[in-house]
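Q: Chains as they are written, first to last, in my numbering: chain A, 1439 to 1506; chain B, -3 to 270.
Simulated from the structure, these hints should not be mistaken for laboratory data.
Just to be clear, a hint being listed does not mean it is correct.
[Claimed, not checked] BS3-like cross-link-like pairs, simulated, lysine-lysine; straight-line CA separation at most 30 Å:
(1) LYS244/B x LYS176/B
(2) LYS244/B x LYS1446/A
(3) LYS237/B x LYS1446/A
(4) LYS176/B x LYS1499/A
(5) LYS7/B x LYS1499/A
(6) LYS244/B x LYS1470/A
(7) LYS183/B x LYS1499/A
(8) LYS205/B x LYS1446/A
(9) LYS214/B x LYS1482/A
(10) LYS153/B x LYS225/B
(11) LYS1/B x LYS1446/A
(12) LYS185/B x LYS1470/A
(13) LYS7/B x LYS1476/A
(14) LYS1/B x LYS1499/A
(15) LYS1470/A x LYS153/B
(16) LYS259/B x LYS1470/A
(17) LYS237/B x LYS153/B
(18) LYS1476/A x LYS185/B
(19) LYS214/B x LYS1499/A
(20) LYS1499/A x LYS244/B
(21) LYS215/B x LYS266/B
(22) LYS1476/A x LYS153/B
(23) LYS183/B x LYS1/B
(24) LYS259/B x LYS1446/A
(25) LYS1476/A x LYS225/B
(26) LYS1/B x LYS1476/A
(27) LYS205/B x LYS1470/A
(28) LYS176/B x LYS1482/A
All figures in this text were calculated on a predicted structure; none of them were measured in a lab.
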Amino acid sequence: MARGDRVKLENADWCKNCGICISVCPTNVLIKGRDRVKIDDLEKCIGCQNCELICPDFVLKVVTQDEN
Amino acid sequence: MDFEKYLRIDKLPHIWCPGCGHGTILNSFIRAFAESGLDQDKTVVISGIGCSGRATGYLNFDTLHTTHGRAIAFAAGVKMANPGLNVVVMTGDGDGSAIGGNHLIHAARRNIDLTVILFNNQIYGMTGGQFSPMTPTGDQATTAPYGNIDQNFDLAKLVEGAGGGFIARGATHDPRQLKKIYLAALKHKGFSFVESFSQCPVSYGRQNKAGDAVEMLKKQQEDTVSFKKWQELSFEEKQGKYPLGILKEVENPESEYTESYQKIIKKLKKEEAF
Chain A
1439 MARGDRVKLE NADWCKNCGI CISVCPTNVL IKGRDRVKID DLEKCIGCQN CELICPDFVL
1499 KVVTQDEN
Chain B
-3 MDFEKYLRID KLPHIWCPGC GHGTILNSFI RAFAESGLDQ DKTVVISGIG CSGRATGYLN
57 FDTLHTTHGR AIAFAAGVKM ANPGLNVVVM TGDGDGSAIG GNHLIHAARR NIDLTVILFN
117 NQIYGMTGGQ FSPMTPTGDQ ATTAPYGNID QNFDLAKLVE GAGGGFIARG ATHDPRQLKK
177 IYLAALKHKG FSFVESFSQC PVSYGRQNKA GDAVEMLKKQ QEDTVSFKKW QELSFEEKQG
237 KYPLGILKEV ENPESEYTES YQKIIKKLKK EEAF
């Protein structure tokens, strides 16, 4: 985790839309989609990794912006 | 972190229900393992039957998916046959405390070098929500439609009584702490036991009107306190609260079972030589 890191839907197909990541995000970056989680406003992401660490389905990953 | 190295990608997504905490436990475990510096090829992960038993199917280690309740028994066999291996057991609350309860006691008593991770979702989830020994008193289950009349059961205290050297409790609402606990448990020489609170929003949550995974995690957070804070609470305040963190850590590598066994083999081999 470094400054400027942002969240990415690494394995979007694995998402089961449980909503845990949305509840732990301190800046409301994520929102519920129809079948899976969606990134609403990436600019708000502070790269805290709360979502990545708690995701039960290995969907989210915080990466440096260049990779995004 | 590249978790792909530690997962069998072709087996994912896993079969656990939406919001199930078992995935968070698996997530925390592979992060702890990556940090531990242990050799992936010299690590065996063993599980029993139940939702928790599925964990070995997704982990890219040498794994064994064994019979109900016997994960620790198989693990003890693996460790005795090849003491150089790191052996991790993933068991559930029904698997490890009911049918496999005796194996848990005797593995702790012998101080055999296993890392036991017990997924505690307080119910038999896979078979349809029957109550397990860890289901709290008064809660609903398929086999307890008028409320569970069993007393609450503290597994950490059982393992402590049996002589376990490393006892800890983690919860899925705090994956950072969970990872730290697993890391310490993996590094501990001797028997280590980690009870991991998990949420079961489908089999347990629906029957008990506990809400979705997010609400269950909130409730879990309310019901738990750090071990440090817990020690300062009065007797009344402790009721219904569970301490989180490393509850006991005693280094006693001399009494480790496989090592004592190897010593005897060495001694007898020397005597034979004369």
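Q: So if I understand the rule, the pair passes when the alpha-carbon distance is 30 Å or less; does LYS1476/A with LYS185/B pass?
A: violated (44 Å)
Q: Under the criterion that the straight-line Cα-Cα distance not exceed 30 Å, is the pair LYS205/B, LYS1446/A satisfied?
A: violated (33 Å)
Q: Compare the distance between the alpha carbons of LYS259/B and LYS1446/A with 30 Å, and conclude whether the hinted pair is satisfied.
A: violated (52 Å)
Q: Within a Cα-Cα threshold of 30 Å, do LYS1499/A and LYS244/B meet the stated pairing?
A: Status violated; Cα separation ~34 Å.
Q: Would you check the hint for LYS183/B and LYS1499/A, treating anything up to 30 Å between C-alpha atoms as holding?
A: holds (27 Å)
Q: With a cut-off of 30 Å on the C-alpha distance, tell me whether LYS153/B and LYS225/B pass.
A: Distance of about 18 Å is within 30 Å: holds.
Q: LYS1470/A and LYS153/B were given as a pair; does the straight-line alpha-carbon distance stay at or below 30 Å?
A: Violated, at roughly 41 Å.
Q: So if I understand the rule, the pair passes when the alpha-carbon distance is 30 Å or less; does LYS214/B with LYS1499/A pass?
A: holds (23 Å)
Q: Does LYS1476/A sit within 30 Å of LYS7/B, going by the straight-line distance between their CA atoms?
A: This hinted pair holds, its Cα atoms lying about 24 Å apart.
Q: Would you check the hint for LYS1/B and LYS1476/A, treating anything up to 30 Å between C-alpha atoms as holding?
A: The hint holds at about 26 Å.
Q: Hinted pair, alpha-carbon criterion (30 Å max): LYS183/B, LYS1/B. Please report holds or violated.
A: holds (20 Å)
Q: Check the hint pairing LYS176/B with LYS1482/A against an upper bound of 30 Å on the C-alpha distance.
A: holds (28 Å)
In terms of the numbered hints stated before, the structure departs from hints 2, 3, 6, 8, 12, 15, 16, 18, 20, 21, 22, 24, 25, listed from lowest to highest.
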